[in-house]
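Trainee: Sequence:
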Amino acid sequence: MDAAMDTASYQIQINDQPVTVIETKQLDPQRSRLLRLKIKSAVDLPETIIVKQKREYEEANEFQCEKEAYERLQELQGVVIPIMLGEGLFCGVPALFLSEVDGKNLHDLARNSDLDIEMGALEAELGLSLDAFSKKGAVYWDQRLDNFMLCQSGKVMVIDLEHVKFPKTLFPWETTINSAGVSSLLSRFKDTREPNRPSTPVAFWNKTKIGESVPSVSFPALG
1 MDAAMDTASY QIQINDQPVT VIETKQLDPQ RSRLLRLKIK SAVDLPETII VKQKREYEEA
61 NEFQCEKEAY ERLQELQGVV IPIMLGEGLF CGVPALFLSE VDGKNLHDLA RNSDLDIEMG
121 ALEAELGLSL DAFSKKGAVY WDQRLDNFML CQSGKVMVID LEHVKFPKTL FPWETTINSA
181 GVSSLLSRFK DTREPNRPST PVAFWNKTKI GESVPSVSFP ALG
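The opening residue of the sequence shown carries number 1 in UniProt numbering; numbering runs sequentially from there.
Everything labelled a hint here was simulated from the structure, so no lab data went into it. It cannot be assumed that every hint is accurate.
For each label pair, taking beta carbons as the anchor points, the in silico distance ranges come out as [to be verified]:
#1 E174 / S41: 25 to 33 angstroms
#2 A42 / P195: 44 to 52 angstroms
#3 L128 / P172: 22 to 30 angstroms
#4 Q11 / L115: 20 to 28 angstroms
#5 P172 / K25: 17 to 25 angstroms
#6 E71 / A121: 26 to 34 angstroms
#7 L89 / N196: 43 to 51 angstroms
#8 L89 / W141: 45 to 53 angstroms
#9 K136 / I22: 34 to 42 angstroms
#10 A8 / A121: 14 to 22 angstroms
#11 Q74 / N196: 38 to 46 angstroms
#12 W141 / T7: 34 to 42 angstroms
#13 W141 / A8: 17 to 25 angstroms
Note that CB positions come from ideal geometry on N, CA and C, so glycine has one too.
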């Protein structure tokens, strides 16, 4: 559910272009730096924009990592990931301006057992999305249900690129992180939807420190 809405109008700059905001919504009370803006018509910009501000205290320069991920994955923008419309300051804080994804995240969908989700189609679309990262030499580490959006079209789009890595070399087991994420995500989806069902073992990776990883082992899926 959307948080409080502010209808006061004000101006911001996106790529040095003045933009008039006519409506502001906080998307999640737990994520104050993530907002939806409705703007007056502007050249090359949609009427609705997502703002993602830099956190005051962030780990490993996440904001810069996310910006670079969007730049390096430009061919995936609008297909697998949101479009980065620009960057600038929002309320004096560095921010990325992104296109809105028309869909629901898998965590919310899993919690709504009344919705009929075709698991075979979901598995296929998750595979296509994560395989697109692999083809660009990118590893998507932040494989949480709420980072995957099931769109009205049936395709899956991926958000939150703060922890996307582009390793120069990969350990053999690291080449399977994206592909193995499909079964892991499906298992967590089912566990969330049916909390009393027996847990399915899923692949698990643990990075001991930056740049160093340990091989995968199997643990029960987490809800």
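Trainee: For every hint, state whether the structure bears it out.
Mentor: Now the hints, each set against the structure:
1. E174 / S41: 25 to 33 angstroms: 45 angstroms, violated
2. A42 / P195: 44 to 52 angstroms: Between A42 and P195, where Cβ atoms are some 45 angstroms apart, the hint holds.
3. L128 / P172: 22 to 30 angstroms: Holds, at about 23 angstroms.
4. Q11 / L115: 20 to 28 angstroms: 40 angstroms, violated
5. P172 / K25: 17 to 25 angstroms: Given a distance of about 45 angstroms, which is not inside 17 to 25 angstroms, the answer is violated.
6. E71 / A121: 26 to 34 angstroms: At 31 angstroms between Cβs, range holds.
7. L89 / N196: 43 to 51 angstroms: 48 angstroms, holds
8. L89 / W141: 45 to 53 angstroms: At roughly 28 angstroms between Cβ atoms, W141 and L89 fall outside 45 to 53 angstroms, so the hint is violated.
9. K136 / I22: 34 to 42 angstroms: Between K136 and I22, where Cβ atoms are some 36 angstroms apart, the hint holds.
10. A8 / A121: 14 to 22 angstroms: 42 angstroms, violated
11. Q74 / N196: 38 to 46 angstroms: 44 angstroms, holds
12. W141 / T7: 34 to 42 angstroms: Given a distance of about 38 angstroms, which is inside 34 to 42 angstroms, the answer is holds.
13. W141 / A8: 17 to 25 angstroms: 38 angstroms, violated
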